[in-house]
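Protein chains: 2
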Amino acid sequence: MSDGRTIIGIDIGGTKIATGVVCGTRVLERVLLPTPADRPKEEVLHQVFASVDLILERTGHHIEEIDGIGVVAPGPLDPRTGKVLYSPNIPALRDIPLARLMRERYGRPVLVENDANAAGLAEALFGAGAGYAHVFYVTVSTGIGTGVILGGKIYGGRTGMAVEAGHVTIDYEGPLCNCGHRGCIEAFASGTAITRRTKEKLRQARAPSHLLDLVAGDLEAITPIVVGEAAQGGDPLALEIVEETARFLSIWLGGMINIFDPDIIILGGGVSQWGDLLFPRLRQLTPTYSILPRAAEVAIVPARLEADVGILGAAALFATP
Amino acid sequence: MSDGRTIIGIDIGGTKIATGVVCGTRVLERVLLPTPADRPKEEVLHQVFASVDLILERTGHHIEEIDGIGVVAPGPLDPRTGKVLYSPNIPALRDIPLARLMRERYGRPVLVENDANAAGLAEALFGAGAGYAHVFYVTVSTGIGTGVILGGKIYGGRTGMAVEAGHVTIDYEGPLCNCGHRGCIEAFASGTAITRRTKEKLRQARAPSHLLDLVAGDLEAITPIVVGEAAQGGDPLALEIVEETARFLSIWLGGMINIFDPDIIILGGGVSQWGDLLFPRLRQLTPTYSILPRAAEVAIVPARLEADVGILGAAALFATP
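Residue numbers (this note's numbering), protein chains in the order written: chain A, 1 to 321; chain B, 322 to 642.
If you are wondering where the hints come from, they were derived from the structure by calculation, not from laboratory data. You may find that some hints are simply not true.
The list that follows gives simulated cross-link-like pairs (lysine to any residue, SDA-like), each with its CA atoms no further than 25 angstroms apart [as the list claims (entries may be wrong)]: (1) A/K153 with A/A133; (2) B/K337 with B/T380; (3) A/K41 with A/R100; (4) B/K520 with B/E494; (5) A/K153 with B/T641; (6) A/K83 with A/R58; (7) A/K153 with B/P614; (8) A/K201 with A/R281; (9) A/K153 with B/G452; (10) A/K153 with B/G477; (11) A/K153 with B/G473; (12) B/K522 with B/L471; (13) A/K41 with A/Y132; (14) B/K362 with A/A133; (15) A/K153 with B/E494; (16) B/K404 with A/A133; (17) B/K474 with A/G152; (18) A/K153 with B/G472; (19) A/K153 with B/K362; (20) A/K153 with B/R479; (21) B/K474 with B/A616; (22) B/K404 with B/T380; (23) A/K201 with A/V226; (24) B/K474 with A/A133; (25) B/K522 with A/G174; (26) A/K16 with A/G68; (27) A/K83 with B/A616; (28) A/K199 with B/E494; (29) B/K362 with A/P293; (30) B/K404 with A/A295; (31) B/K404 with B/E494; (32) B/K337 with B/R360; (33) B/K404 with A/E297; (34) A/K83 with B/A454; (35) B/K474 with A/Y132; (36) B/K404 with A/D263; (37) A/K153 with B/K337.
So here's chain A without its partners, still in its complex pose:
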């Protein structure tokens, strides 16, 4: 994808900065550093610099051997100026002109992109979406990130910030979302929302739940992964949460098919690890929420590049489709 070039891919997440040297579609070496998310801007920036310096040291590459540096981060950002405009989970990232500062320091080409768009690009070019012209990518983890890749290119719209489809409401009077609006699909079906809904159900439950045993009675230890385990074991409450989540996602994905009529929907992120608990149900329900006569033909598949998708996405920004 990067045509044999050597690219540094940097994935700035809410808790860690993952950095890798990528050659073709292979990650040669990885470095993980914590994200000083709540610290002043300078510290986040210095941690990004530190991760580049460290990976160069580890791989023995000289900066002149690097053909480009790709950076991805959550939230709407302006890929044209490389500036993160709004980042609810990493406030310190806001308004940092990342691309310029990195270009100044390293003297190499730098591209910056929203993490979900870049992950979608990597999946579309050499993951689950390879060979498809219209790819809808969604990652369901802490939040819900989305990207649309048309003919091997990220659809960016007017400002390069398009396809924040996790913030489309399915109930305008629904639960409050992190973004400040009501009923976004993120407020129903993100990892955070799944955890919240599970805790609510557990508090109201009359019968004992296997789910509580799994976390030794500690509600704060509930995660979507634990819910998945309990559902796998046949726990009724966990199965109910999975079924509701599948329904919320299908209502929303049905609308996304009406809008984008994609060839394929690729679902990644932690919640996609529900695997066979989730995907068959999504495939069954989603077409029933679409009005397109051939909606049932749209493939709904798990992402393929999971572990390295951030790094590979950042490197894919240098791909020429």
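Go by the hints and put chain B onto chain A.
Relative to the frame of chain A, chain B by itself:
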């Protein structure tokens, strides 16, 4: 737009078939025939043929002088085969291979497209959207039709049937839509929905409404146009309907900005005639329902080609952007 070529544009609507001869962006002559919507397929088809024969007769054109025939119709249709796949308002249109049958009869190139997509194309090429790269078009009349025009081309997705954004839910437990799903924006803010909501409010109203005077007490005479008139006159109930409609549309348009990040939103159809009652409020509210930092920059404007948009849209299918 049609580069000086002479095109016949045919707009098959729920009640009438509007046909015109278009040269450049000018409609030279128009013919209106009723749509035999509930009659057998053959009669609809014969009425379309009759309208072409009639307009040729009226303008004195010989069929060989016509460079192409464009046909638009509501509902998802397959522009590649020219077949209407689903048409709730004109059941007789369903599964007619329009393009093939017209090609056989007239021996001219025939292009078929969803009416809202074609109208959006005409607006994008030489209407309110001229010069913009990312155009979101919406027509609010009986139903809500939408089209997205990117770089002068209709975005069609996998099957050419994309952007049925009128059928995106804003309340998955909301009112039942014509399409069979719940809470589509069409079920809240289409002309039909506005009329329904107004009647409901009038039935529950305690105070006498100026609106009822306008229709001489006949609830069945309520239309969005009447509601607009009453609102213009300061009628509180009508103003409430307009405000609610603006809010529903803004919630939905905020989501559409999050998805498409367009340069411009063009709103046409009967309800757009509410004009200054509606547009300033849409411009005010819509950005508050988007998470994109620059959502307030997206222009929200009335359509320009109103009367002839169907015919011009059909002819625009032959335009080369």
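Looking back at the numbered hints, which does the structure fail to meet, lowest number first?
-> Violated hints (numbers, rising): 6, 12, 13, 14, 15, 19, 22, 31 and 37; every other hint is consistent with the structure.
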